[in-house]
Amino acid sequence: MTEISRRALLERLGVLGVAAIAGGFIPGTPAGAAAQPLGLHEKVDDAIARLFGGRPMKDGRGTVTLQVPLIAENGAVVPVSVGADLPMAPTSWVRHVYIVADRNRIPVVTRVTLAPEAGRAFVGANIRLGETGDVRAIVEQSDGTLWQVRREVRVTVSGCGG
Amino acid sequence: MAEIGKVRIRVPSSIKAGDVIQVRTLVIHPMERVERDPQGRIVRKRYNYVNRVVVTYLGRTVATFETTQSVSENPFFSFTLRATAPGRVRVQFFDTRGGVWEGTADITFS
Chain A
15 MTEISRRALL ERLGVLGVAA IAGGFIPGTP AGAAAQPLGL HEKVDDAIAR LFGGRPMKDG
75 RGTVTLQVPL IAENGAVVPV SVGADLPMAP TSWVRHVYIV ADRNRIPVVT RVTLAPEAGR
135 AFVGANIRLG ETGDVRAIVE QSDGTLWQVR REVRVTVSGC GG
Chain B
5 MAEIGKVRIR VPSSIKAGDV IQVRTLVIHP MERVERDPQG RIVRKRYNYV NRVVVTYLGR
65 TVATFETTQS VSENPFFSFT LRATAPGRVR VQFFDTRGGV WEGTADITFS
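These protein sequence lines are chains A and B, in that order. Read left to right, the first sequence gives residues 15 to 176 (my numbering). Read left to right, the second sequence gives residues 5 to 114 (my numbering).
One should not assume that every hint holds.
Unchecked claim - Have a look at the derived ranges for each label pair, beta carbon to beta carbon:
| # | chain 1 | residue 1 | chain 2 | residue 2 | range |
| --- | --- | --- | --- | --- | --- |
| 1 | B | 36 | A | 164 | 25 to 31 Å |
| 2 | A | 104 | B | 20 | 20 to 26 Å |
| 3 | B | 106 | A | 57 | 33 to 39 Å |
| 4 | B | 104 | A | 63 | 29 to 35 Å |
Worth flagging that the hints you see were computed from the coordinates, not collected in a lab. Heads up, the beta-carbon is just placed ideally off N, CA and C, and yes, glycines get one too.
If we strip away everything but chain B, and leave its shape as in the complex, we get:
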């Protein structure tokens, strides 16, 4: 888990102005699942998982994922955006322990 918080983000290699492109992103994160004691009772503790992912492009929020512990470890998400101008896509992952993990990708037209 040394890598926790490492964000990967991929945009298509060739983009034309106005294209709707698919962006894929993931963060290395344990997404702790609910534990149970031998009697099957839920162990009450502050689980560490990503509960919000915010995507911004050209300074505007394009997508927000609110997530629960039903999302896999090392959560992966994909979404689309309309590439209207060259600029930066920023993805921020927020976890329940206050961690903020960020990745960016530049959109350039070919």
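One chain only, chain A, in its complex shape:
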């Protein structure tokens, strides 16, 4: 009787321990960040600092594919897609894809949260660009590794008005 309850207790402790480690180490989106709105009027450097807190980013060239037009005739609708040549397995997957437009008044365009069931790290979106500037894609793996690529888009007609 005491032996069984001791074992059960240890098993439960083990589960709790794993949960605590996972909670502590998976960067993901902390509750504090989720409560804050994603899009603020801010400089792109402030946005990056707010989202990633100075964590190192690897150069994503060769790993992350950012497709943007060289010249956007109409800044109101600019097709952007991001793909990453990284695993999408339950043990290691691409957790987040960020699209950031450096020169927009609201630089953070979207944060996409993916599950391994997506099968491939790929997202596309039509975005607004206020003026000529870099568009970047930041990819975050489930272990917290960050990859970044950027590409300049020339904008003929602004898409943000005001």
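Add chain B to chain A, keeping to what the hints say.
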């Protein structure tokens, strides 16, 4: 803007079990952009824009897009999923005025 909330969703016409397929979706929505007064100050009001898009397949959330006003009017998104079994892909768009717009597509194997 009479059409607001109309959702379109497209999956490939021919899918085999285990394929990673690309799904494309859009909603008719104004995605109101930030307005400024003549002095260039931001007009404070509750802008109506889509700020969350949730994709579920076989009852599991596959992708969630958190979006800002830097996304175009009539927002368009694409993503992939691994078609493991016949079932329904559901895309829900949530806007800042409490609107929920939903579209579905059935995945069948040929």
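Margin query: I want to verify a distance hint. Is the separation of the beta carbons of residue 104 (chain B) and residue 63 (chain A) within 29 to 35 Å?
Written below: Holds - the Cβ-Cβ distance for residue 104 (chain B) and residue 63 (chain A), about 33 Å, lies within 29 to 35 Å.
Next item on the list: Evaluate the given range 20 to 26 Å for the C-beta pair formed by residue 104 (chain A) and residue 20 (chain B).
Entry: 22 Å, holds
Next item on the list: Determine whether the Cβ-Cβ distance between residue 106 (chain B) and residue 57 (chain A) falls within the hinted range of 33 to 39 Å.
Entry: 36 Å, holds
Margin query: Looking only at beta-carbon atoms, does the pair residue 36 (chain B), residue 164 (chain A) fall within the given range of 25 to 31 Å?
Written below: 28 Å, holds
Comparing the model with each numbered hint stated earlier shows that all of them hold.
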